[in-house]
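Here the protein sequences line up with chains E and D, keeping their order. Everything in the first sequence is counted per this note's numbering, starting at 1 for the first residue and increasing by one. Everything in the second sequence is counted per this note's numbering, starting at 1 for the first residue and increasing by one.
Keep in mind that the hints are not guaranteed to be accurate.
A pair holds if it fits inside one copy or across any two, identical chains being indistinguishable in the list.
As the list claims (entries may be wrong) - Here are the simulated lysine-lysine pairs, BS3-like style, with alpha carbons at most 27 angstroms apart: (1) 250 x 441; (2) 122 x 28; (3) 275 x 122; (4) 80 x 211.
For the record, the hints were derived by calculation from the structure and aren't laboratory data. Since this is a predicted model, take the numbers as computed values, not measurements.
There are 2 protein chains.
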Amino acid sequence: EEVAKLLELKAQLGTDDGKQMFALKTPKGTRDYNPKQMAIRESVFNTIISCFKRHGAETIDTPVFELKETLTGKYGEDSKLIYDLKDQGGELLSLRYDLTVPFARYLAMNKISNIKRYHIAKVYRRDNPAMTKGRYREFYQCDFDIAGQYDPMIPDAECIKVVHEILTELQLGDFRIKVNDRRILDGMFAVCGVPDDKFRAICSTVDKLDKASWEEVKNEMVGEKGLAPEAADRIGEYVRMHGGFDLAEKLLQDPQLSQNKHALEGLTDMKDLFKYLELFKITDKVIFDLSLARGLDYYTGVIYEAVLIRPQNVHPSEELVSVGSVAGGGRYDGLVGMFDHKGRKVPCVGVSVGIERVFSILEHKAEASEEKIRTTETQVLVASAQKNLLEERLKLTSELWDAGIKAEVLYKKNPKLLSQLQHCEETGIPLVAIIGEQELKEGVVKLRNVATREEVDVSRVTLVEEIKKRSIQS
Amino acid sequence: EEVAKLLELKAQLGTDDGKQMFALKTPKGTRDYNPKQMAIRESVFNTIISCFKRHGAETIDTPVFELKETLTGKYGEDSKLIYDLKDQGGELLSLRYDLTVPFARYLAMNKISNIKRYHIAKVYRRDNPAMTKGRYREFYQCDFDIAGQYDPMIPDAECIKVVHEILTELQLGDFRIKVNDRRILDGMFAVCGVPDDKFRAICSTVDKLDKASWEEVKNEMVGEKGLAPEAADRIGEYVRMHGGFDLAEKLLQDPQLSQNKHALEGLTDMKDLFKYLELFKITDKVIFDLSLARGLDYYTGVIYEAVLIRPQNVHPSEELVSVGSVAGGGRYDGLVGMFDHKGRKVPCVGVSVGIERVFSILEHKAEASEEKIRTTETQVLVASAQKNLLEERLKLTSELWDAGIKAEVLYKKNPKLLSQLQHCEETGIPLVAIIGEQELKEGVVKLRNVATREEVDVSRVTLVEEIKKRSIQS
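Given the sequences, and given the hints that come with them, work out the whole structure.
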């Protein structure tokens, strides 16, 4: 890293010949995708989109920037991470921080009270990047949200089912989906003696429990946030609890929590949620976890977060180790109302799959495996062993394109046959259509299988058909 | 428009109850895509991506913003249209203005000297929007570029073939692809007596000929750009010429032009280009047009631009009227070298399809037609006519999801059968799987065809198979 910094400095100073130099890089926290990475990305997107479509979702798109005021007051302590555009005259703009706030703005603006939609797009956060862990400043979110007034917890359960399906299909190893409810948290804070105006701040601190120890979290509560140590200790007892339907039932017996209106609602709904998850046969992966808080301001009900776990091979008895969150979401019944001039509410629940971490896992897998990833789909290379056949090669290639065949030709007047075959080996093109004077005279093409080196003369009339037939077989 | 302005003012002033209001809109020159527009967008992308893959292209992606200095000095007079990000500490960033400069930066940074790649992404220009004509500040570009040292004009011809294929497949009506060469323009300027340092500025002015009359263009040359009127008049004679292979041959006989080294190279290559286009059987749509200039600084060789034409039904003898450019590109052999610290060059040629105009044409077409566009792919709705069957509906829906069937269920405890059927009518779901006490007892599902209203009992064991069978048929 030191060397990189020095090289950058050197680049800024300029070269020996006095020419001013520049940094040849992408902005901090961002990266390019090369063709191999794109192939992985495409396959991940296909899995996710298939799932969203299986659940009947439509898709929308919104601009990469919003009016600055659209984002104001939605993200709590995270607002400082928003990218603003320079004031070049006209409106003040910011890059979107997530896809949820633009979605709520879209619903209010178009007076939509009912929609199930997915949206896959990049969002922007001026956070401290940790690119090896898949934490970037520009990253994809794959969001699935259900907006509308419905009977409790049915759409909420479907969102969790969607996460379960996606993580299962991506084959990333074992995972857990933690669920909790903002109303339960609020009730718990009230019962523990947290003042009303400190709920959101304490919530943000509890949210750090997945990365920090309880001691650190308690110190922040008491030190930074000014909470009484006894209150923190009482919170500490609750946030150690996790379970399922049974835990919700047990907490409904808790003499204090059950007296709190918010907690009572949340716990009753939690029981329904687990009932539906049971019908979906996914309760083995879902944990009701009172330490789950999630930082964003806009959640009002159930919240959830999916984490991948790496089994400890050495000590199988030890606790499962989380390797980080890959999806999260929850219910936000008030957000659309913040945009509606009449305060008309549209209840919403949704989930966001953060796939950068998924990409890095799959990229490492691909690098480790011997299997070659193809980055093109070319079926055939049009080639020749003889000179002065460029025009004939171009003509045949064009005929193949017009027949819908994926074909390439080298852009050389007289390429060597060896370099043409090498191009096929390197890029995985399975067939070569070779022409020479003899073939042209006879109206045939020598079709070569790159892998087996078998060659067979095929009439030009049936060439397209033959290539299609072989492409299906392979 | 006046009313809109007043309403916006009113919104800024606040409502009667004193609550501060905000503008509920997307930023100027941008728009959302609703599910119907997304369906059109997806089908256009599929056509374009299929074509790019047919020609053996890989794909890459780059960040939405670049270091500001990466974009500096690449766009000539258009640089003022670049969006800058606010300086929030750290690097100075700008939103990408096109995909070509990021591509050149990518090649230099990764020392790639050979690639055929496509890149579909949004770019940003602080231009005057004309949204009804499909001119936005945030818009998609679909770029296809071939980088590498090859024999002349072969990749250039393929780029034009790609444009031809895409515009043919999109069925937007008739079109023409104009081609010219920066070297021919430079030679022409030299021969006409334009001083060297005015080439780029005069080139920008000539580029306006598709929108402005010759008189207006001449006035700008002489008035704003300070060109001698005689020089302008000589340019005027050349830029009226258009043809094909023959025009290139004729201009090679031009006693002055043929003496100019640049023009000679350009015209000789132009003959080769038309020879290859002839092999591709597309010369009927391609015009060698000396008035085509293209504004960007980085072009060094062949340039081209595709325009849609609307036949004049009233006076069929009149000239074809252009409804605007939908694709453009050219050769830029110097751009990668501008990023390479050693000035190492990578010759490139490419084309960019601007699809916003294509979208607006297809959206208007869709609105005008009676045909309903489906925005989901749901195959079946799980429904019931009886009460208290929510859990059974959820269970069946989940089974269908797990079997890969696209299924929906209404999020109501006891929805009316009528509203369940209405949901199918509205969203185009072709099948309903109805369950009731009787069906549950018998282990069957009543499968209803929404269009024909036919109902048949299907065993739950064969339900998935039956739905798949019917989905293939329709």
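Exercise. Against the structure, test the hints numbered earlier, and report the numbers of the ones violated in rising order.
Key: Hints 1 and 3 are the ones this structure does not satisfy, whereas the remaining hints hold.
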